[in-house]
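**Student:** Work out the full structure, taking the sequences as your base and the hints as a guide.
Here is what each chain is made of, one letter per residue.
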Amino acid sequence: MSLNILEISYLIASLTFILGLKMLSNPDSARKGNLIAAGGMLIAIIATITLYQDYDSGKMINYGLIFLGLIIGTVIGTIMAKKVQMTSMPQMVSFFNGMGGACAALIAIIEFQSHQHSTVTGFDGELLVMLLGLLIGSVSFSGSIIAYGKLEGKIQDKVLPMNQVINMVMLGTIVVLIVYQMVSGSDPLLFYVLLGIALIYGVLFVMPIGGADMPVVISLLNSFTGMAAAFGGFLYGNKAMLTGGILVGSAGTILTILMCKAMNRSLTNVLLGAFGSAAPGGAKSASGDQTVREISISDTAVLLSYSQSVVIVPGYGLAVAQAQHICHELEKLLGEKGVEVNYAIHPVAGRMPGHMNVLLAEADVPYERMQEMEEINSKFANTDVVVVIGANDVVNPAAKNDPSSPIYGMPILEVDQAKNVIILKRGMAAGYAGIENELFFYPKTRMLFGDAKATLQKLTAEVKEV
Amino acid sequence: MEQVLSYIGENMEMVYFLLLAILLGVEVISNVPAILHTPLMSGANAIHGVVVVGAIIVMLQASPDNYLALSVGFLAVLVGTLNVIGGFVVTDRMLEMFKKKPKKS
Chain A
179 MSLNILEISY LIASLTFILG LKMLSNPDSA RKGNLIAAGG MLIAIIATIT
229 LYQDYDSGKM INYGLIFLGL IIGTVIGTIM AKKVQMTSMP QMVSFFNGMG
279 GACAALIAII EFQSHQHSTV TGFDGELLVM LLGLLIGSVS FSGSIIAYGK
329 LEGKIQDKVL PMNQVINMVM LGTIVVLIVY QMVSGSDPLL FYVLLGIALI
379 YGVLFVMPIG GADMPVVISL LNSFTGMAAA FGGFLYGNKA MLTGGILVGS
429 AGTILTILMC KAMNRSLTNV LLGAFGSAAP GGAKSASGDQ TVREISISDT
479 AVLLSYSQSV VIVPGYGLAV AQAQHICHEL EKLLGEKGVE VNYAIHPVAG
529 RMPGHMNVLL AEADVPYERM QEMEEINSKF ANTDVVVVIG ANDVVNPAAK
579 NDPSSPIYGM PILEVDQAKN VIILKRGMAA GYAGIENELF FYPKTRMLFG
629 DAKATLQKLT AEVKEV
Chain B
260 MEQVLSYIGE NMEMVYFLLL AILLGVEVIS NVPAILHTPL MSGANAIHGV
310 VVVGAIIVML QASPDNYLAL SVGFLAVLVG TLNVIGGFVV TDRMLEMFKK
360 KPKKS
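Quick mapping for you: the protein sequence lines, in order, are chains A and B.
Per our numbering, residue 179 is the first one in the first sequence, and the count goes up by one each step.
Per our numbering, residue 260 is the first one in the second sequence, and the count goes up by one each step.
Since the hints were derived computationally from the structure, they do not count as laboratory data.
Values in this document were obtained by computation on a predicted structure and should not be read as measured data.
Watch out, some of these pointers could steer you wrong.
[Unchecked claim] Simulated restraints, written as ranges between beta carbons of each label pair:
#, chain 1, residue 1, chain 2, residue 2, range
1, A, A632, B, S289, 37 to 47 Å
2, A, V337, B, N290, 32 to 42 Å
3, B, L282, A, E514, 48 to 58 Å
4, A, L367, B, P292, 47 to 57 Å
5, A, S444, B, E261, 32 to 42 Å
6, A, I183, B, M273, 27 to 37 Å
7, B, M273, A, V357, 34 to 44 Å
8, A, Q334, B, L279, 41 to 51 Å
9, B, E261, A, I183, 22 to 32 Å
C-beta: ideal position from N, C-alpha, C; glycine also.
**Tutor:** Okay, structure coming up:
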């Protein structure tokens, strides 16, 4: 009886995961979808604790520890998730993902301990599932933690000499060790060697990948953890773990590919090629001795106030400076003066696809004002002023004109079509991809140097005066 | 080889399950707009936290005097819960931003 209820609970949980994921892919139902999946998760957890086996008073300590783990995890998880800044969202997701990977690996370790006492003859499928869960879980754990550290700025980009070769060798060793264990039976020493290699592999796998590509890696590791969870489900014949894990595994893989597409790069390119290491293209030397023209804040204020239409292009620089609120204020002020203001959001603006929308929405910018690239690109020709705030690569015309540029082919916001371009920037440093931007030297471009937040504050004050 | 095949044969139900779930995952995700990539990834991240169910099962199966299993299992429950709770709360915070606000004019 109670076992049937348990199975039905898992069925319900599986359904909520599918439904939740489906609803998450539509802006109107996304929030509800997340809550539904969370509800299903709660059902699965409660059902497992109460129904998995009859209450055994000899196992008081087990129950105590389970509840302690659940409570501490809930408290810490909630605090971390509530406190994190919107700009740090990507690394937070990466951290939680790493925790899931660690959980899967730990399960495999315990199961391996008890598995050793059983004597299986012939093909040991259980052992294989365990080993795979252990490997993928640990790679996901160490990789996610490195990704977290890199995005937090705690770990610097570092490429070992022959990093790719070392990685290939490690991957080969892992495969050999698995095959060996499968043939010769389980060996505790080899098991822990495998664990160690997997952890190091996770580190070396993420280490050489540049910051701009980190979201893709996080998404990939996310689908890894999904697979690890699915292996756990396979081990226990647990349907909820299977559905949840496989669903995330396959959906995560597709999502990773979609993200790569949004950046016009292939997955292999992201994983094997470091972005900045591309040879300096011809555009760099051509624009070497050109000068940029600056514009004062008051001139900018006048220019903006007497425009018909203004488009703001926000980039990660805006987010870092926490300038989205003041930016929205400027937009409202201009709106009151009858200027039409829109935001042009590049698919990879910010640190992740969709990240910029979240940041602007946080500052109360209405959804309708945020326009996607395809939508806005046709309107630039009729735009009086484009204000680029802390963005660089996504407006670089080299992506269209210069086949030697490493970002050639990436879809960009065609701001050079507009009548005037004002670029708000801290200094002349190159963008994330480390390439020169010829847009800065165009005759219609004016530079406004300074911290995004401070400059926008002064600008807003000036616009009020006009 | 024969043993491998028979193992698969014994678990045929699971293999079907696997295939269908993979296809379902692909189907559900395609056509998602770019602005939802981040919340979707975060939501999926929370869903694979279901691995915590496995950690709870491990704990329930462990004998009360197996301290190694108990402590490792406790750690597994803890980090699994972090994944679930943190994942859902972060996703909810992101999506909160997307809700349409009544127009103030």
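**Student:** Decide, hint by hint, whether the structure agrees.
**Tutor:** For each hint, the structure was consulted:
The hinted range of 37 to 47 Å is satisfied by A:A632 and B:S289, whose Cβ atoms lie roughly 43 Å apart. A hinted range of 32 to 42 Å for the beta carbons of A:V337 and B:N290 is consistent with their spacing of about 37 Å. Taken as a hint, the range 48 to 58 Å holds for the pair B:L282 and A:E514, whose Cβ atoms sit roughly 52 Å apart. Separation of A:L367 from B:P292 is about 50 Å and conforms to the stated range, judged on CB atoms against 47 to 57 Å.
With their beta carbons about 40 Å apart, A:S444 and B:E261 fall inside the hinted range of 32 to 42 Å. The supplied range of 27 to 37 Å is broken by A:I183 and B:M273, whose beta-carbon atoms lie about 22 Å from each other. A hinted range of 34 to 44 Å is violated for the C-beta pair B:M273 and A:V357, which are about 22 Å apart. For A:Q334 and B:L279, the hinted distance range of 41 to 51 Å is satisfied, since their beta carbons lie about 44 Å from each other.
Under the hint 22 to 32 Å, the C-beta atoms of B:E261 and A:I183, about 39 Å apart, miss the expected range.
Of the hints listed earlier, those the structure fails to meet are numbers 6, 7 and 9, in rising order.
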